[in-house]
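Going line by line, the protein sequences match chains A and B. By our numbering, the letter at position 141 of the first sequence is numbered 141, and the numbering carries on one by one without gaps. In our numbering, each number is its position in the second sequence, counted from 1, plus 1000.
Derived from the structure by calculation, the hints contain no laboratory data. Just so you know, these numbers come straight off a predicted model, no measurement behind them. Hints may contain errors.
[Unchecked claim] Residues from chain B shown here face chain A by an in silico Cβ test under 7 Å; the list is partial:
id: 1; residue: V1003
id: 2; residue: D1020
id: 3; residue: N1061
id: 4; residue: R1176
Backbone N, C-alpha and C fix where the C-beta goes; we use that ideal spot for every residue, glycine too.
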Amino acid sequence: MTVNQNELLSALVDGELQGEELDDALQLLDTDEQARLQLQRFQHASDVLHGHGFGPRNVDLTTRISTALENETDFSEIVENKETAQVLAFPKQFWKQAVSLAVAASIGALAVVGVMNQPQNQLVPNPQLAVVESETAPMNVARTGERWTVQEQEVEERLNSYLVDHHEYAGASGVFSYARVVSYDVGR
Amino acid sequence: MNVDLELVQRVQAGDKKAFDVLILKYQQRIVHVITGFVHDPVEALDVAQEAFIKAYRAIPNFRGDSAFYTWLYRIAINTSKNHLTSRARRPPAVDVDAMDATNFYDAPELKEFETPESSLMSDELQQTIHQAIQGLPEDTATAIKLRELEGMSYEEIAEVMECPIGTVRSRIFRARDAIDKQIQEIMGEGE
Chain A
1 MTVNQNELLS ALVDGELQGE ELDDALQLLD TDEQARLQLQ RFQHASDVLH GHGFGPRNVD
61 LTTRISTALE NETDFSEIVE NKETAQVLAF PKQFWKQAVS LAVAASIGAL AVVGVMNQPQ
121 NQLVPNPQLA VVESETAPMN VARTGERWTV QEQEVEERLN SYLVDHHEYA GASGVFSYAR
181 VVSYDVGR
Chain B
1001 MNVDLELVQR VQAGDKKAFD VLILKYQQRI VHVITGFVHD PVEALDVAQE AFIKAYRAIP
1061 NFRGDSAFYT WLYRIAINTS KNHLTSRARR PPAVDVDAMD ATNFYDAPEL KEFETPESSL
1121 MSDELQQTIH QAIQGLPEDT ATAIKLRELE GMSYEEIAEV MECPIGTVRS RIFRARDAID
1181 KQIQEIMGEG E
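Next comes chain B alone, as it looks inside the complex (with noise of 0.2 Å):
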């Protein structure tokens, strides 16, 4: 079963840590959006924790007809919407349905609202992050495309290399962790 349903059925029996995790996994990716409409950082994380919230609320309602992701960005858009509303601000001409979610950031009527500097540092972070795979070595390197940029799944990805699915976890993770390094030296963490 997809791990975003369980939660989300964790979720409707009650388990609130479920709904921490699905946090944990798509904030990020909402306050950008988000960030989109908003612009203000500070004024993004208030929406977006107003988003959650009412994702929170209406999920005894979800059904599983789309992904939880979709289901949630779409909340995220009509909060956001809503509260330039409110502010007596415009939102962006442009409706981007839900249904392309995932080809959201290709949108160029939305890239303007990304500064030159977030714009540059998020090419150079895909670049370096691309760089880094390439230094990997090749199972690793190997395993985290499959993964990333093909989608297979761990037991396809086993299939493949043929190798049992924990050493697919295991290369996984060690590509992960390197690129979380090179992603620490960039931003400046950890200095």
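In isolation and in its complexed conformation, chain A is listed as follows (with noise of 0.2 Å):
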């Protein structure tokens, strides 16, 4: 090998090629079996001078790995395909208003669950509820005073907690733009 054959692999060691030195440096590893030696025995000089121990000097794993990454795909042909594949993306928009509406159904679909009874002479109207038939229990709901109840606790605490956690969604694009959620509670 010659003198500037030797700087170039030394170089390389110091990550000082780019361009055509670069070009030349990977074409002489590719033909010199020495030049592969020297190159690790420089790169060897500079690990121990750093500090990185003492590792086998003449070990050449090159020859085992490019058999054994014969057979793989060469990266230019996937990134080939990748450019030419086609995907379809939905817009972003379209998800966020497809969560606004399923948000806004699941509680629509709480709110309205149960039956009310009314006393026969009231005045107020008694309006006609959709009724979502489930596999869990009717909830008792009476009317106290001016507001709605739920007459089990738990299920009354839990329904508010509910809407109260979720009145964010009431104000979602597109979506119950119109809607105020309220608490049943003072202060929340």
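Now that you have both chains on their own, put them together as the hints suggest.
Right, here's the structure in full:
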């Protein structure tokens, strides 16, 4: 090997090659076994100076690894396939609105579950509520003063928390924009 | 541009020879790291081979957010641990973070996996190399110290030493060549 070639390999160890010189170094390493050994020795000297320890000096895994990678896909093919593949992507806004709709539907379902008992002589017309069929037992709802209450305390507390915790969806664009969710409890 | 990054980009573009250079650059260091887990030198080579193959397959996803060696180091550590797990042997308790890769050899818990002979050889090697540097002509010794100990680029060294970059390259090569000959003597090579 010439002095220039040795200098090239030494500079490669230091990461100081670019462009054509890097091409020349790669070509040299591909064709000259001595060049590969020399690069390893230079790299080892650098590693020892940096305190990277005592490792095997004349090990060359490139042949074993090259053989193992012979059947691997060439990355240039993968890049070409990616460029020609067509992916149909839904716009982000679609997913946002779909999620909002799903949440609003679940809130609405909770709000209309149950059957109201109305006294016969009340002046307020008895509203016809949609009954959502479900496998759970219906809740008993009664009117007490100015608010409707669910007689099962635990259910009322859970419904109350759910409505409050998801009130932010009331203003979701395109859905429920006019809704206002209020809490049963003072201060929430 | 960082030469490792350029090599990685060439590999990503389909140039497998560029990956060979990365192997040549880092195989010794990686094998040494793996030996800290596996101990058996032959087994360490197999695990190192597996680590490099995994790195090759994952290289399309490498974006340069970390240094290539740090990324490769992480793969080597995980491959070693998986190897030990598959062999029903417990890996070391200490988990060296990839960001501490450059400080790896300071970890006392991992030094216990070096044999006394290799540890002694490593210390002797370092001592010999430093003595070899002291015996070099002043400009040559300065150039290699600025490069290896201070981490300066060729351009920075040229500015400090007030000489052309080509002269820096030549001096560093001569220093490295002299160091290599000392290592050969210690390791009984070329006899």
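Hints and how they fare:
1. V1003: 4 Å, holds
2. D1020: 5 Å, holds
3. N1061: 11 Å, violated
4. R1176: 5 Å, holds
Violation of the numbered hints given earlier is confined to hint 3; every other hint is satisfied by the structure.
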